[in-house]
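Below are the chains, spelled out letter by letter.
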Amino acid sequence: QVQLQESGPGLVKPSETLTLKCTVSGGPISGHDWSWIRQSPGKPLEWIGHRYSTGSTTYNPSLESRVSFGVDTSEKWFSLRLNSVTAADTAIYYCARWQTGTVADWYFPLWGRGTRVTVSS
Amino acid sequence: DTQLTQSPPSLSASVGDRVSITCRASQNIDRFLNWYQVQPGKAPRVLIYAASTLASGIPSRFSGRGSRTDYSLIISDLQPEDSAIYFCQQSYSEPSFGSGTRVEIK
Numbered sequence: 028q029v030q031l032q033e034s035g036p037g038l039v040k041p042s043e044t045l046t047l048k049c050t051v052s053g054g055p056i057s058g059h060d061w062s063w064i065r066q067s068p069g070k071p072l073e074w075i076g077h078r079y080s081t082g083s084t085t086y087n088p089s090l091e092s093r094v095s096f097g098v099d100t101s102e103k104w105f106s107l108r109l110n111s112v113t114a115a116d117t118a119i120y121y122c123a124r125w126q127t128g129t130v131a132d133w134y135f136p137l138w139g140r141g142t143r144v145t146v147s148s
Numbered sequence: 002d003t004q005l006t007q008s009p010p011s012l013s014a015s016v017g018d019r020v021s022i023t024c025r026a027s028q029n030i031d032r033f034l035n036w037y038q039v040q041p042g043k044a045p046r047v048l049i050y051a052a053s054t055l056a057s058g059i060p061s062r063f064s065g066r067g068s069r070t071d072y073s074l075i076i077s078d079l080q081p082e083d084s085a086i087y088f089c090q091q092s093y094s095e096p097s098f099g100s101g102t103r104v105e106i107k
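One line per chain: the protein sequences are A and X, in this order.
Under my numbering, read the first sequence as residues 28 to 148, first letter to last.
Under my numbering, read the second sequence as residues 2 to 107, first letter to last.
Bear in mind the hints are in silico, worked out from the structure with no lab data behind them.
Idealized CB from N, CA, C, for every residue including glycine.
Among the hints, erroneous ones may be present.
[Claimed, not checked] Here are some, though not all, of the chain A residues that point toward chain X, as calculated from beta-carbon distances under 7 Å: (1) A114; (2) P136; (3) W138; (4) R140.
[Unchecked claim] Result set (DSS-like, lysine-lysine): computed pairs, CA atoms no more than 30 Å apart in a straight line: (5) X:K43 - A:K40; (6) A:K48 - X:K43; (7) A:K70 - X:K43; (8) X:K43 - A:K103; (9) X:K107 - X:K43; (10) X:K107 - A:K70.
Model the full structure from these sequences, guided by the hints.
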């Protein structure tokens with residue numbers, strides 16, 4: 028079955044750029060929409076954005092100026108770049124597949140286990 | 002932005018009990034409401050989507066109901082493996098999440 032696995036540095040210094048990768052196994056990246064979600068300590072999950080199968084993206088307005096997504100369909104991974112990080116970006120970061128249907132069935136059917144990122148000098 | 006208020010923050014119940022978790026939206030979200038389960042060391046998994054549709058492979062003791070602003074997740078016949086954090090998520094506007102409910106088995 029399809030599995031997602033996040034990977035990244037674990038520790039990033041303030042003002043630097045965080046880059047995370049989500050590797051997709053057991054199925055294609057192409058033809059699907061993908062998302063990043065994070066959870067900071069003591070806070071609810073926060074949607075970061077979607078990358079659609081068309082190549083277009085939608086970002087959370089609160090992060091839009093600092094975030095970008097990428098994809099490598101041949102290597103079967105998609106990525107998150109978040110620049111100018113601060114302690115507020117410390118969180119568990121999840122990748123997930125985004126699915127939209129014909130009625131109200133818009134949801135995240137698949138998730139990775141998450142990767143913990145700490146922003147600290 | 003659509004805010005989701007989830008309650009209770011935690012609950013403790015016995016095997017075989019019926020438990021209910023509620024999620025209230027700050028506006029009508031027209032059944033664009035999903036429920037997920039998170040267990041330590043595992044990926045979150047969807048339980049219910051579109052307010053009441055059981056996701057593939059999810060036991061029938063999980064059910065969802067609701068409309069407009071008020072939704073609930075019901076676990077009937079609680080099992081030891083149901084110990085987890087449960088959260089709601091709306092897709093009517095840009096996705097947002099409830100604060101989660103920790104379910105503990107007595």
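Worksheet item: Between X:K43 and A:K103, does the CA-CA distance stay at or below 30 Å?
Response: 22 Å, holds
Worksheet item: Does the CB of A:A114 sit less than 7 Å away from some CB of chain X?
Response: Hint on A:A114: violated, closest Cβ of chain X at ~21 Å, above 7 Å.
Worksheet item: Close enough to count: is the Cβ of A:W138 nearer than 7 Å to one in chain X?
Response: Since chain X brings a Cβ to about 4 Å from A:W138, closer than 7 Å, the hint holds.
Worksheet item: Taking the closest Cβ pair, is A:R140 under 7 Å from chain X?
Response: 5 Å, holds
Worksheet item: Quick one, are A:K70 and X:K43 close enough, alpha carbons at most 30 Å?
Response: 19 Å, holds
Worksheet item: Would the pair X:K107 and X:K43 pass a check requiring their Cα atoms to be no farther apart than 30 Å?
Response: 22 Å, holds
Discussion item. Next item in the hint list is A:P136. Is there a CB on chain X closer than 7 Å to its CB?
Written reply: 6 Å, holds
Discussion item. For X:K43 and A:K40, compute the direct alpha-carbon distance and say whether it is at most 30 Å.
Written reply: 28 Å, holds
Fill in: A:K48 paired with X:K43 [C-alpha distance capped at 30 Å]
18 Å, holds
Discussion item. Please verify whether X:K107 and A:K70 have alpha carbons no more than 30 Å apart.
Written reply: Given pair X:K107, A:K70 holds - Cα atoms ~26 Å apart, limit 30 Å.
Violated hint: 1 only; the structure is consistent with all others.
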